[in-house]
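Chemist: The two chains are supplied separately, each in an independent frame; assemble them into the complex guided by the hints.
Protein chains in written order, with this note's numbering: chain C, 1 to 118; chain A, 1 to 114.
Among the clues, some could well be false.
Stated by the list, open to error - Calculated lysine-lysine pairs in the DSS-like style (CA-CA distance at most 30 Å, straight line):
id	chain 1	residue 1	chain 2	residue 2
1	A	Lys-101	C	Lys-55
2	A	Lys-61	C	Lys-41
3	C	Lys-41	C	Lys-64
4	C	Lys-41	A	Lys-68
5	C	Lys-64	C	Lys-20
6	C	Lys-66	C	Lys-14
7	C	Lys-64	A	Lys-101
8	A	Lys-113	A	Lys-61
9	C	Lys-41	C	Lys-20
10	A	Lys-68	A	Lys-49
11	C	Lys-14	C	Lys-64
12	C	Lys-20	A	Lys-101
13	A	Lys-49	A	Lys-61
14	A	Lys-101	A	Lys-61
15	C	Lys-55	C	Lys-20
16	C	Lys-14	C	Lys-55
17	C	Lys-55	C	Lys-66
18	C	Lys-66	C	Lys-41
19	A	Lys-101	A	Lys-49
20	A	Lys-113	A	Lys-49
21	C	Lys-66	C	Lys-20
22	C	Lys-14	C	Lys-41
23	C	Lys-41	A	Lys-49
24	C	Lys-41	A	Lys-113
25	A	Lys-101	C	Lys-41
26	A	Lys-101	A	Lys-68
27	A	Lys-101	C	Lys-66
Hint data in this document are derived by calculation from the structure and do not stem from the laboratory. Computed from a predicted structure; not experimentally measured.
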Amino acid sequence: GAVVSQHPSRVICKSGTSVKIECRSLDFQATTMFWYRQFPKQSLMLMATSNEGSKATYEQGVEKDKFLINHASLTLSTLTVTSAHPEDSSFYICSARDLLAGAQVTQYFGPGTRLTVL
Amino acid sequence: AQSVTQPDIHITVSEGASLELRCNYSYGATPYLFWYVQSPGQGLQLLLKYFSGDTLVQGIKGFEAEFKRSQSSFNLRKPSVHWSDAAEYFCAVAGRGNTGKLIFGQGTTLQVKP
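Same shape as in the complex, but just chain A (with noise of 0.2 Å):
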């Protein structure tokens, strides 16, 4: 079955420090790969996606991703988070059909120490 996990439901970090965020799937095929972005009471903000080419993609608001064919993953880094990046964070996977439905994990929630 098709699913995406997030292991970590809820992670804390000081700010300044790094932070990954991990993302796992099962999927028949490579999918097309997201990362979004909630504030609260928000909608979604795409952070950043892999269709193919490099590995390691830029996304917005200085956040990376490394996508690991082998090891079915995904996971989505920052070098030094800020306070601002408090919000709850989704992995998602699309089919490379035409359907375009998005499959979604769990969620991270992200809080930063001050």
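This is chain C alone, in the form it adopts within the complex (with noise of 0.2 Å):
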């Protein structure tokens, strides 16, 4: 149980474009996700809280109009990495809390999307 997917799970794409990365609870409902970013050998830097059916919460220093996030229902949210540019290379991770679990904070995580912006 347990089960939080991204997709995909690696993307490569040109300076300028925008590409939407997908991160869907399986098998529980998640009223909150939360959005990583990690660059190598480093640890996990949050960049938002996403809740369904309201707007996100970003983290100080994190572009709200760059990254835009969309949590649509229970299982779905979408992060959006807009105007790409190289620097935006890196690994996101997204995770989710089970809202029916008896604590809600325990976060599942997804297997990543690499982003590469040539």
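Modeler: Right, dumping it as structure tokens:
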């Protein structure tokens, strides 16, 4: 149980284009999903908290107009990197909290999406 | 300030040897505590968690961790390491409020020698 998927797993795009990454909770409902960015050999950096049916909450220093988050349902959140540039190249990981779990703080992570911007 | 420290950036152990990965946290109150493992190019898998009760918690893959309030520590242990345990290990904490935000340590890279 508690499986989170991400799609695509790997994407290469040209500078200036937009890329959408999907995060799905497959066997549970998630009112809250989180988006992280991870640089090589580093820990995870929280970008934003995505709440179903409301606006995402962005961490300090994260450009909300560049990283658009939509949490359309209890099982799907999307991250769109708009007008991507090479410095946006990174490993993006999402996680989800199980709504019905006894302790709602446990986060289950997706497999990640490797974004390369040329 | 809230923080998580994993003092060992890189650890190498021989296969079959015991393992202990250290984690110390700084938090206003006792937080929820987690250990995650990440294989190269993959997401994070939950190994175990501590919310309350017995301070020695058992996880998957033969891992256990012990919460020591007096030392603000949550060290991860395994009695006999397998080559497949080679990965990145992250300790994380979350407050007992409802935001659920995780604060991660810097991670420890485990290398296993044959």
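Chemist: Determine for every hint whether it applies to the structure shown.
Modeler: Here's how the hints hold up against the structure:
no. : hint                   : result
1   : A:Lys-101 <-> C:Lys-55 : 16 Å, holds
2   : A:Lys-61 <-> C:Lys-41  : 24 Å, holds
3   : C:Lys-41 <-> C:Lys-64  : 25 Å, holds
4   : C:Lys-41 <-> A:Lys-68  : 28 Å, holds
5   : C:Lys-64 <-> C:Lys-20  : 14 Å, holds
6   : C:Lys-66 <-> C:Lys-14  : 16 Å, holds
7   : C:Lys-64 <-> A:Lys-101 : 18 Å, holds
8   : A:Lys-113 <-> A:Lys-61 : 18 Å, holds
9   : C:Lys-41 <-> C:Lys-20  : 24 Å, holds
10  : A:Lys-68 <-> A:Lys-49  : 14 Å, holds
11  : C:Lys-14 <-> C:Lys-64  : 21 Å, holds
12  : C:Lys-20 <-> A:Lys-101 : 23 Å, holds
13  : A:Lys-49 <-> A:Lys-61  : 14 Å, holds
14  : A:Lys-101 <-> A:Lys-61 : 25 Å, holds
15  : C:Lys-55 <-> C:Lys-20  : 17 Å, holds
16  : C:Lys-14 <-> C:Lys-55  : 28 Å, holds
17  : C:Lys-55 <-> C:Lys-66  : 15 Å, holds
18  : C:Lys-66 <-> C:Lys-41  : 24 Å, holds
19  : A:Lys-101 <-> A:Lys-49 : 15 Å, holds
20  : A:Lys-113 <-> A:Lys-49 : 28 Å, holds
21  : C:Lys-66 <-> C:Lys-20  : 12 Å, holds
22  : C:Lys-14 <-> C:Lys-41  : 25 Å, holds
23  : C:Lys-41 <-> A:Lys-49  : 24 Å, holds
24  : C:Lys-41 <-> A:Lys-113 : 20 Å, holds
25  : A:Lys-101 <-> C:Lys-41 : 21 Å, holds
26  : A:Lys-101 <-> A:Lys-68 : 22 Å, holds
27  : A:Lys-101 <-> C:Lys-66 : 22 Å, holds
Going through the hint list in order, the structure satisfies each hint without exception.
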